[in-house]
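With chain B's structure known, arrange chain C on it following the hints.
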Amino acid sequence: MAELETKAPPIERGHEQGTDEPYWYDVPDEDAEAEEPPPPPKPLRARRPRLPRPLTTAVERSAAIILLLALWEALPRAGVVDRVFVPPLSENLAAGYDLLVTGQLGEHLGASLLRSFAGFALAIALAIPLGLAIGWYRPVAAFLNPVLELFRNTSAVALLPVFTLILGIGETTKITFVLYACSWPILLNTISGVKTVEPLLIKSARSMGLGPFRLFQKVILPAAVPTIFTGVRLAGAYSILVLLFAEMVGAKAGLGYLIQASQSSFRIHDMYAGIITISAIGLLFNQLLVSVERRFSTWRTT
Amino acid sequence: MKIAIQNVGKVFEIRDSDRPFTALEDIDLDIRAGEFLTLVGPSGCGKSTLLDLIAGLTRPTSGQILIDGVPITGPGLDRGIVFQQYALFPWRTATGNVEFGLEAKAVPKKERAERARHYLDLVGLAGFEDRYPHELSGGMRQRVAIARSLAFDPDVLLMDEPFAALDAQTRESLQEELLHIWEKTGKTIVFITHGIDEAVYLGQRVAVMTSRPGRIKETLAIEFGSREGDLRAETRFGEYRHHIWTLLRDEVAAARREEASSVG
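Each protein sequence line maps, in turn, to chains B and C. Each residue of the first sequence is one higher than the last, beginning at 6 in my numbering. Each residue of the second sequence is one higher than the last, beginning at 7 in my numbering.
No wet-lab data here; the hints were simulated from the structure. The beta carbon of each residue, even a glycine, is placed where N, CA and C say it ideally should be. Hints may be right or wrong, so weigh each one.
[Said to hold, decoys possible] Some chain B residues close to chain C (C-beta under 10 Å, calculated; not the full set):
| id | residue |
| --- | --- |
| 1 | E203 |
| 2 | L205 |
| 3 | L206 |
| 4 | M213 |
| 5 | G214 |
| 6 | L215 |
| 7 | V224 |
| 8 | P231 |
| 9 | T303 |
| 10 | W304 |
The shape of chain C in the complex, shown without the other chains:
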């Protein structure tokens, strides 16, 4: 077991309010080494909070998260995050950005440049090494961000709706490439999305979350005979999709009711 999430809850104290905000409650989830797990849920269900917890950026209020059997104490280079908004350093070139994590890891300078080139090549950005983020399209920026996270060689890749801001064509091509990279590198990937298609297409397993407070409603193994070809056209794809859609529909309705009652 790579990541073990045990009875995890997260409560935020809200300023000027004596009612604390429960973001996550009783999350139990095990993620195998090398697994590609996608996490879907209605917006505001605490998906990103869960990712922050795995990243070690915040601590759970209750329960614990283990990585390789060891409780998480803080952020570390054994986990890499890819954010929706890329989070590239605008004053660094593509290479400079990829080298950032390597500097943090104290990789010697010469090797840094080599590795940066290798990973930029892996994400299809050979020839764009010296571009600054503002000189790259959204899709290319996200490729840089992925290369940056891969370069310091974490076991776990945490991805927070990484393709949500991209246009449909770019998104599909990046999804496909991400699968290739995953197959090639054998990383454990936790991928958050609000897209049901994306969750089914990418995940070996899809974890569906409830609306606030977030819990795991159901996890669903996605099994295709082969991952080659147009998965989306298979009948089974439609069945998985529909099943998750049904699960989510109830949650979205619940989230709406909650929103309406808190406003009204």
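So that you can see chain B by itself, here it is in the shape it has in the complex:
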């Protein structure tokens, strides 16, 4: 993060005046803001005191969520919705806390995360090299494209029975299932990342005498990284989504199992605790991947 902060802010093109550094017409204009004409007088409405900027954005961004949570608490208590089926938020959280203290939540969470990560990691390890190879050899890409389109548009969930038939209902099935679902976004993004490298960059590198291997290593690969990462981030979301489904259908542990089993034995609070946990995990995981993605694509701002 530190190096991100020391870097100068992106500079807009177009304003070519402002400093008397070596080439005034050429130096991007960092002082532009200071030299801008004073802002016009504010309309009367804007006069009331305002919260500091970061605070207001934080409030703005979470307002809808806070409202939603408040409604979840209030509506069941007011009797607007049946509190047997939708208990107030606080009761669900309390149930979740109990599950956490007894270690049950940790157990289910651990089982789910292990499967998700295993499938996700395997998908990365397999789909990126495969995508690079397919994207690099254009005839292969052209040949495989219809098949890829077909599979991409076939819901992974539809194939779960097939996986179960072949691999049984153990861990292998679940991890393979996650692996399968995660592979597509990574694979397709990798292929497109390799295929859409700016031709001029390739020409420029070739003019400096780079052979195919070094061209790939020094130009194609770095140029494709941001696109690949978008695929990885999508796959991260998939890894949790599809696993939950697999766990609901056949498992003895995991958050999907917890949610499904609680529902069928009418432990409604536990069910909601499971759901809240899974959305928190999903959100967290996505945030993590977004920040990793940013780290790898700082240059892609235009």
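Just chain C, lined up with the frame of chain B:
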């Protein structure tokens, strides 16, 4: 003779058409070592194709191009190209971009950094070494591209309308600096432009090309008593300019007719 272009022709096969496209025909041109040659022609006359041929990125259909008497077999670090659209690697800093060619040349790491700093300094970018291309203005990006091409020390610098995308002031300052760099380094420069002023200002010799298929219509030696001062204000500058303008006017008209007949 640094570059000898002998009877070079280039024909492209066009998909879905049995009429091949002749881009260049019978190009004969010799470029001396250390010469600054500018190449002007109407748009679509094959200027860039000719540059690609000298760079070794494509092969001529007929004829041959020799560098120091040896036929070109492919791209190499004895020639550097500067493109109109800069072609900088956006994931590398200014330094990283300049080092690219040095990596290709297998220059040791320590020396790479040193050379990169030296050449960025030469093009007036000291202090901007760690900027990414998107943090630089158009003029600065082109300076990085020039530094990158100079850094691996090619004998020949091939420039494809390098200043066409820049505003007038930036362009003039870069033209002036390019002349300084050329005087300082003694490179052979082939500079493509569609600007007549630019061609006369920069070139020791201007080669004027015909419209499609491209041929060399005339080469014109540009001689000023001195290159100091405001060349553009000299009467001779105006004469050269007018002469090339007249040559080009016919070609532009021919190109238009060709375009109209192919559309109609």
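The hints, checked one at a time:
1. Annotation: E203(B) was flagged as interfacial toward chain C, and the flag holds, the nearest CB pair being 8 Å apart, inside 10 Å.
2. About 5 Å separates the beta-carbon of L205(B) from the nearest beta-carbon of chain C, less than 10 Å, and the hint is met.
3. Interface hint at L206(B): satisfied, since its Cβ lies 6 Å from the closest Cβ of chain C, which is below the 10 Å cut-off.
4. Interface hint at M213(B): satisfied, since its Cβ lies 5 Å from the closest Cβ of chain C, which is below the 10 Å cut-off.
5. A least Cβ separation of about 5 Å between G214(B) and chain C falls short of the 10 Å threshold, and the interface hint therefore holds.
6. Taken as an interface hint, L215(B) checks out: its beta carbon lies about 6 Å from the nearest beta carbon of chain C, inside 10 Å.
7. The interface hint given for V224(B) holds, since its Cβ lies 7 Å from the closest Cβ of chain C, which is under the 10 Å cut-off.
8. For P231(B), the interface hint holds, since its Cβ comes within 10 Å of a Cβ in chain C; the closest pair sits about 9 Å apart.
9. At a threshold of 10 Å, the smallest CB-CB gap from T303(B) to chain C is about 7 Å, leaving the interface hint in force.
10. For W304(B), the suggested interface contact is upheld, since its CB lies about 5 Å from the closest CB of chain C, less than 10 Å.
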